[in-house]
Amino acid sequence: MDLTVRNLAVARGGIPVLAGVQFTVSPGRALVLRGPNGSGKTTLLRTVAGLQPPFEGSVTGAEDRIAYAAHADGIKSMLSVTENLSFWARVFGTGEIAPALAAFDLDALRDRLAGNLSAGQKRRLGLARLMVTGRPVWVLDEPTVSLDAASVALFAEAVRAHLAQGGSALMATHIDLGLTEAEPFDVTPFRARPQLSHADEAFL
Amino acid sequence: MDLTVRNLAVARGGIPVLAGVQFTVSPGRALVLRGPNGSGKTTLLRTVAGLQPPFEGSVTGAEDRIAYAAHADGIKSMLSVTENLSFWARVFGTGEIAPALAAFDLDALRDRLAGNLSAGQKRRLGLARLMVTGRPVWVLDEPTVSLDAASVALFAEAVRAHLAQGGSALMATHIDLGLTEAEPFDVTPFRARPQLSHADEAFL
Amino acid sequence: MSFWEYANPVKFIRTTDRLLPWLSVTAVLCLAVGLIWGFFFTPDDFRQGSTVKIIYLHVPSALMAINAWLMMLVASIIWIVRRHHVSALAARAAAPVGAMMTVIALATGAIWGQPMWGTWWVWDPRLTSFLILFLFYLGYIALWSAIEDDDTAADLTSILCLVGSVFALLSRYAVLFWNQGLHQGASLSLDKEENVHDVFYFPLLVSIAGFVLLFIALVFLRTQTEIRARRARALQARERLA
Amino acid sequence: MIALLTRDMRLAVRAGGGFGLGLAFFLIVVVMVPFGVGPETALLSRIAPGVLWIGALLACLLSLDRIFALDWEDGSLDLLATAPLPMEAIAVVKALAHWLTSALPLVLAAPALGVLLNLPPAGYLWLILSLAVGTPALSVIGTFGAALTVGLKRGGLLLSLLVLPLYVPTLIFGAEVARRGAEGLAVATPLAMLAGISAGAVALLPFASAAVLRINLR
Amino acid sequence: MIALLTRDMRLAVRAGGGFGLGLAFFLIVVVMVPFGVGPETALLSRIAPGVLWIGALLACLLSLDRIFALDWEDGSLDLLATAPLPMEAIAVVKALAHWLTSALPLVLAAPALGVLLNLPPAGYLWLILSLAVGTPALSVIGTFGAALTVGLKRGGLLLSLLVLPLYVPTLIFGAEVARRGAEGLAVATPLAMLAGISAGAVALLPFASAAVLRINLR
Amino acid sequence: MMPDLGSYAQYVLSSYAVSLVLIVVLVAMSMHRARKVKAELEAIEARVKRQSGERATRNG
Ligand code: HEM
Ligand SMILES: Nc1ncnc2c1ncn2[C@@H]1O[C@H](COP(=O)(O)OP(=O)(O)OP(=O)(O)O)[C@@H](O)[C@H]1O
Ligand SMILES: Nc1ncnc2c1ncn2[C@@H]1O[C@H](COP(=O)(O)OP(=O)(O)OP(=O)(O)O)[C@@H](O)[C@H]1O
Ligand SMILES: [Mg+2]
Ligand SMILES: [Mg+2]
Numbered sequence: 001m002d003l004t005v006r007n008l009a010v011a012r013g014g015i016p017v018l019a020g021v022q023f024t025v026s027p028g029r030a031l032v033l034r035g036p037n038g039s040g041k042t043t044l045l046r047t048v049a050g051l052q053p054p055f056e057g058s059v060t061g062a063e064d065r066i067a068y069a070a071h072a073d074g075i076k077s078m079l080s081v082t083e084n085l086s087f088w089a090r091v092f093g094t095g096e097i098a099p100a101l102a103a104f105d106l107d108a109l110r111d112r113l114a115g116n117l118s119a120g121q122k123r124r125l126g127l128a129r130l131m132v133t134g135r136p137v138w139v140l141d142e143p144t145v146s147l148d149a150a151s152v153a154l155f156a157e158a159v160r161a162h163l164a165q166g167g168s169a170l171m172a173t174h175i176d177l178g179l180t181e182a183e184p185f186d187v188t189p190f191r192a193r194p195q196l197s198h199a200d201e202a203f204l
Numbered sequence: 001m002d003l004t005v006r007n008l009a010v011a012r013g014g015i016p017v018l019a020g021v022q023f024t025v026s027p028g029r030a031l032v033l034r035g036p037n038g039s040g041k042t043t044l045l046r047t048v049a050g051l052q053p054p055f056e057g058s059v060t061g062a063e064d065r066i067a068y069a070a071h072a073d074g075i076k077s078m079l080s081v082t083e084n085l086s087f088w089a090r091v092f093g094t095g096e097i098a099p100a101l102a103a104f105d106l107d108a109l110r111d112r113l114a115g116n117l118s119a120g121q122k123r124r125l126g127l128a129r130l131m132v133t134g135r136p137v138w139v140l141d142e143p144t145v146s147l148d149a150a151s152v153a154l155f156a157e158a159v160r161a162h163l164a165q166g167g168s169a170l171m172a173t174h175i176d177l178g179l180t181e182a183e184p185f186d187v188t189p190f191r192a193r194p195q196l197s198h199a200d201e202a203f204l
Numbered sequence: 001m002s003f004w005e006y007a008n009p010v011k012f013i014r015t016t017d018r019l020l021p022w023l024s025v026t027a028v029l030c031l032a033v034g035l036i037w038g039f040f041f042t043p044d045d046f047r048q049g050s051t052v053k054i055i056y057l058h059v060p061s062a063l064m065a066i067n068a069w070l071m072m073l074v075a076s077i078i079w080i081v082r083r084h085h086v087s088a089l090a091a092r093a094a095a096p097v098g099a100m101m102t103v104i105a106l107a108t109g110a111i112w113g114q115p116m117w118g119t120w121w122v123w124d125p126r127l128t129s130f131l132i133l134f135l136f137y138l139g140y141i142a143l144w145s146a147i148e149d150d151d152t153a154a155d156l157t158s159i160l161c162l163v164g165s166v167f168a169l170l171s172r173y174a175v176l177f178w179n180q181g182l183h184q185g186a187s188l189s190l191d192k193e194e195n196v197h198d199v200f201y202f203p204l205l206v207s208i209a210g211f212v213l214l215f216i217a218l219v220f221l222r223t224q225t226e227i228r229a230r231r232a233r234a235l236q237a238r239e240r241l242a
Numbered sequence: 001m002i003a004l005l006t007r008d009m010r011l012a013v014r015a016g017g018g019f020g021l022g023l024a025f026f027l028i029v030v031v032m033v034p035f036g037v038g039p040e041t042a043l044l045s046r047i048a049p050g051v052l053w054i055g056a057l058l059a060c061l062l063s064l065d066r067i068f069a070l071d072w073e074d075g076s077l078d079l080l081a082t083a084p085l086p087m088e089a090i091a092v093v094k095a096l097a098h099w100l101t102s103a104l105p106l107v108l109a110a111p112a113l114g115v116l117l118n119l120p121p122a123g124y125l126w127l128i129l130s131l132a133v134g135t136p137a138l139s140v141i142g143t144f145g146a147a148l149t150v151g152l153k154r155g156g157l158l159l160s161l162l163v164l165p166l167y168v169p170t171l172i173f174g175a176e177v178a179r180r181g182a183e184g185l186a187v188a189t190p191l192a193m194l195a196g197i198s199a200g201a202v203a204l205l206p207f208a209s210a211a212v213l214r215i216n217l218r
Numbered sequence: 001m002i003a004l005l006t007r008d009m010r011l012a013v014r015a016g017g018g019f020g021l022g023l024a025f026f027l028i029v030v031v032m033v034p035f036g037v038g039p040e041t042a043l044l045s046r047i048a049p050g051v052l053w054i055g056a057l058l059a060c061l062l063s064l065d066r067i068f069a070l071d072w073e074d075g076s077l078d079l080l081a082t083a084p085l086p087m088e089a090i091a092v093v094k095a096l097a098h099w100l101t102s103a104l105p106l107v108l109a110a111p112a113l114g115v116l117l118n119l120p121p122a123g124y125l126w127l128i129l130s131l132a133v134g135t136p137a138l139s140v141i142g143t144f145g146a147a148l149t150v151g152l153k154r155g156g157l158l159l160s161l162l163v164l165p166l167y168v169p170t171l172i173f174g175a176e177v178a179r180r181g182a183e184g185l186a187v188a189t190p191l192a193m194l195a196g197i198s199a200g201a202v203a204l205l206p207f208a209s210a211a212v213l214r215i216n217l218r
Numbered sequence: 001m002m003p004d005l006g007s008y009a010q011y012v013l014s015s016y017a018v019s020l021v022l023i024v025v026l027v028a029m030s031m032h033r034a035r036k037v038k039a040e041l042e043a044i045e046a047r048v049k050r051q052s053g054e055r056a057t058r059n060g
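From first to last, the protein sequence lines stand for chains B, E, C, F, W and D.
Residues in the first sequence are numbered from 1 upward in steps of one, following our numbering.
Residues in the second sequence are numbered from 1 upward in steps of one, following our numbering.
Residues in the third sequence are numbered from 1 upward in steps of one, following our numbering.
Residues in the fourth sequence are numbered from 1 upward in steps of one, following our numbering.
Residues in the fifth sequence are numbered from 1 upward in steps of one, following our numbering.
Residues in the sixth sequence are numbered from 1 upward in steps of one, following our numbering.
Rather than coming from a laboratory, the hints here were simulated on the basis of the structure.
The beta carbon of each residue, even a glycine, is placed where N, CA and C say it ideally should be.
The hints are all genuine.
Derived DEER-like restraints, expressed as beta-carbon distance ranges:
| # | chain 1 | residue 1 | chain 2 | residue 2 | range |
| --- | --- | --- | --- | --- | --- |
| 1 | E | T24 | F | M9 | 48 to 56 Å |
| 2 | E | G20 | C | E239 | 52 to 60 Å |
| 3 | F | T41 | C | I36 | 56 to 64 Å |
| 4 | B | G166 | E | D105 | 40 to 48 Å |
| 5 | C | G118 | F | L85 | 53 to 61 Å |
| 6 | F | G196 | W | L185 | 40 to 48 Å |
From the structure, some residues in chain W lie toward chain E, with a derived Cβ separation under 7 Å:
| # | residue |
| --- | --- |
| 7 | A3 |
| 8 | R14 |
| 9 | L79 |
| 10 | L217 |
Sequences and hints are given; from them, build the entire structure.
Encoded structure:
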């Protein structure tokens with residue numbers, strides 16, 4: 001099933017930042033959003049993930065199929081790495097955390113409290129969470145922040161494996177991920193024309 | 001005055017992560033720490049900034065000369081961009097925030113509440129803070145996280161100007177900053193051999 | 001033409017702009033007549049002496065304190081069901097007015113209590129319920145002012161208003177159970193045998209009318225202000241975007 | 001749902017916010033009362049049921065802000081919202097976790113503190129019973145308040161302001177049961193009312209909490 | 001230093017944690033007491049000074065955790081530590097900001113709440129005076145506690161635990177002044193003690209807070 | 001003119017004073033804010049109109 005975004009406008013603080021966005025992400029494909037700071041990538045991803053309502057247009061094929069990872073990765077510093085992961089595995093009803101630990105080279109850190117990880121290790125844990133959700137569509141906001149080159153490669157490998165299994169991915173990033181198969185999608189042309197929210201327009 | 005680190009060992013959670021680190025950063029020079037995730041860069045920078053005591057060795061030329069910027073950049077989301085900046089300007093006893101705003105292209109965002117900035121805009125504000133401190137040594141932990149290419153260039157420009165004025169900089173990063181004049185410094189060879197803290201050794 | 005047209009902010013401002021002068025003049029007139037009549041030209045009560053004159057402030061403000069909350073409740077429901085911005089803003093505008101009415105009722109009651117019951121305050125059910133009502137007003141206003149986004153604030157406060165009304169009702173019964181008090185029953189109801197004497201009754205009615213009109217005028221004015229503030233924000237936002 | 005419950009309980013214990021602290025706060029409030037009002041035994045034993053109820057209520061209140069705020073700050077709440085759990089379930093589990101970690105220990109400890117305040121012997125049973133029946137209401141009402149203020153930076157004090165008026169009926173009937181129990185009077189009516197309020201709140205408020213959470217997350 | 005003070009006051013007002021909320025909490029605690037202990041005027045007026053003091057103390061307590069926690073979470077505290085401000089100055093300014101935003105409004109509002117509890121007329125002056133003299137101690141002690149628990153995730157409850165025992169002497173003498181004042185007895189001795197505690201705490205505790213902060217930051 | 005309020009004068013007068021002061025304060029605050037916001041809005045509206053006019057001439 002495709003993730004399809006049709007004529008989507010997204011707003012932050014009631015003001016549209018992107019409009020007329022159209023794309024489709026089919027199983028096995030990845031789309032990389034690009035655009036300068038403040039262009040609205042985070043807002044777009046949150047809308048696609050269903051965390052905020054679209055300003056206009058529609059998102060189909062997202063319902064209950066999305067695993068979302070943002071700047072804040074929901075890691076509890078007082079739980080160990082395995083406890084963090086298996087919590088999400090249980091919430092999403094999938095059992096296995098071992099492959100995720102292996103894929104992000106976290107085995108050595110299994111029993112470390114998440115609060116004692118370095119920035120990059122924490123991020124790896126956040127990404128490992130994606131694998132235990134069992135969801136087909138990964139929606140990622142700057143996934144490789146703080147990662148060193150080796151970890152970026154691990155991440156690219158994980159995305160590739162996910163795509164090979166028929167999953168798909170939609171991510172925003174400023175740096176090169178080394179994912180050759182991903183199509184870039186520049187959001188800059190979709191900057192919304194100055195427009196107010198419908199609520200505000202009632203007051204004009 | 002040089003920032004000199006002699007035979008420094010730094011510890012996190014009581015366990016040394018780096019040992020025998022030696023370097024000097026002279027006015028007008030920049031040093032870029034490199035090393036894989038978890039190698040101890042953040043710990044080293046915190047020690048140099050005086051936020052934690054060295055495990056061994058010494059840091060000289062740091063006292064009251066350092067402006068530190070970390071992952072968390074101390075931005076109050078309920079204050080506007082100018083309010084945030086001028087607070088730090090007043091704390092450090094320097095008056096002018098206009099050059100800092102200009103250098104990081106924040107003029108258009110002056111009156112926006114910091115909580116309403118995008119990730120990259122927030123980071124730019126965090127970096128602009130460095131310029132209002134008036135401190136000669138910048139100690140930066142992954143300064144360009146979330147920044148787009150244009151902002152990375154602004155940052156490089158700011159560092160260059162700082163160096164040209166006789167300042168110096170010490171930073172940790174995983175990505176290329178486009179700062180040709182910076183010397184790289186790989187911390188990997190300095191991984192500490194397994195060792196207990198002195199306090200623990202008293203119990204052996 | 002339906003009633004809901006007034007849910008259009010522009011229409012609302014235009015209509016209320018026309019009504020406001022009349023409303024405020026009659027409000028002031030009624031208040032002046034009611035209070036002056038009550039203060040200067042009514043006899044003393046044989047039991048309460050001259051303190052009975054407090055009734056012209058106390059009862060109307062107490063009535064309005066409750067009615068303001070009811071109005072906010074209705075406005076909140078309208079917002080939840082039909083999402084008319086004016087009703088949300090009207091609820092917001094009414095809250096401080098209602099809170100002020102509550103304070104007046106409490107203050108005049110407390111002052112009245114001193115000569116009548118020999119104390120400023122007793123934990124009588126009526127008084128206590130009013131204090132609780134005041135707390136609800138405070139919470140409602142605090143929540144409004146704590147949230148930045150207008151629509152989110154409207155949504156949250158209307159749910160708070162709904163839940164709060166249920167709990168306010170519960171508190172009323174709880175308080176009645178907890179303590180049967182000293183306070184006067186509702187003697188204004190027309191069917192009751194024991195009614196306030198006519199000399200007190202008519203100025204009281206005029207004064208009540210004055211308070212009602214004052215409340216409406218204030219709510220109109222404040223709603224207008226909220227609408228304008230919102231419109232100013234919208235224009236500024238559009239300007240920034242341009 | 002069980003996963004969420006276990007995680008919350010585990011976090012409460014690890015982060016040092018669990019069983020112990022609410023209890024300790026309760027203890028301290030109760031201990032402060034004699035310092036404040038003076039040490040006469042008769043006076044203390046008269047106000048004992050009320051003080052114990054108020055203390056329990058405040059201890060509950062103080063732990064409310066951690067119900068959602070921590071999950072909000074680190075982004076877990078966003079992630080939970082995209083997880084295959086209905087928002088209502090989240091609200092219920094959170095309230096339950098709060099009750100188990102914060103309220104239940106208070107119920108169990110109340111008799112011990114009753115001794116400190118010279119609670120009359122007849123009062124113990126009714127005190128425990130009224131707390132046991134009343135605290136679930138405190139937890140769900142508190143969860144509603146926490147959901148309302150999630151996302152507001154340090155909504156702690158605002159939270160108290162919103163929640164305390166909602167606590168009034170529970171407190172009145174609860175303290176009334178405890179007081180009448182201590183004085184040996186009939187307690188059936190207030191106990192029935194208390195149970196009714198508790199049942200109603202537990203049945204209905206999670207929906208309100210879920211609605212409010214959805215609004216706050218968007 | 002003035003910059004820090006203005007910023008903290010501004011944040012307190014903006015983040016909705018300012019003057020109003022502590023006050024509202026105080027009001028609510030005072031209102032809850034009669035619901036707990038019953039409505040008899042004589043009883044209430046006897047416990048009034050104590051209740052008012054405990055209420056003010058709790059309202060102070062509840063706003064303590066914002067003294068350092070917010071600055072810690074967003075990294076400002078690290079940055080302040082590297083700024084050209086002695087840690088002692090930071091501790092003093094933080095305590096002062098807390099007193100201005102949280103404690104002072106309580107002092108001013110206390111008489112109004114005294115009315116609700118039928119505080120005897122003779123008591124008002126002494127109540128205000130004792131609060132005015134005592135609350136600075138509460139603020140600096142609280143700042144010390146906040147410095148101790150900074151960096152502990154949601155140290156709120158732990159903070160209360162640490163601070164409350166330290167508040168006991170202030171509470172005892174403060175409530176004693178208010179109680180004796182209300183009963184028309186001599187208040188000189190406890191008032192002098194209270195003033196002594198306050199002066200001592202204000203003079204010495206900032207150094208302790210600064211030391212503790214330095215340890216917590218490393 | 002002044003009615004004889006007897007021994008209760010202070011209570012009656014003070015309750016009238018308190019209420020009237022509260023009402024006047026509320027009304028004054030409402031009107032003040034209404035004026036301020038109205039003036040602000042008018043300034044903004046004028047500016048917006050001017051700007052859109054300018055834009056029209058520039059483009060046209
Ligand atoms: C702070 C204290 C008080 C509060 C909050 C309060 C509240 C109220 C309320 C809400 C009403 C309207 C009742 C209704 O019409 O349904 C009312 C009416 C009235 N109150 Fe008070 N009251 C207070 C103190 C007093 C005192 C001390 C007196 C005098 C002894 C008093 C005398 C009356 C009278 C005569 C009425 C009119 C009753 C009627 O005819 O409906 N109140 N009060
Ligand atoms: N209340 C507001 N009013 C006006 N504009 C706002 C408001 N809140 C956010 N914005 C703007 O909305 C835009 C969208 O931000 P968003 O976080 O989606 O950008 P982004 O593409 O993710 O940027 P980055 O690469 O820096 O993360 C930003 O330009 C931001 O400044
Ligand atoms: N309590 C602890 N016990 C053992 N090791 C710890 C403890 N706390 C942290 N560490 C380890 O100390 C190391 C130093 O972490 P630090 O944050 O300095 O790394 P870094 O170089 O900044 O990494 P990154 O590039 O990911 O930010 C990490 O490997 C971390 O796992
Ligand atoms: Mg972003
Ligand atoms: Mg690091």
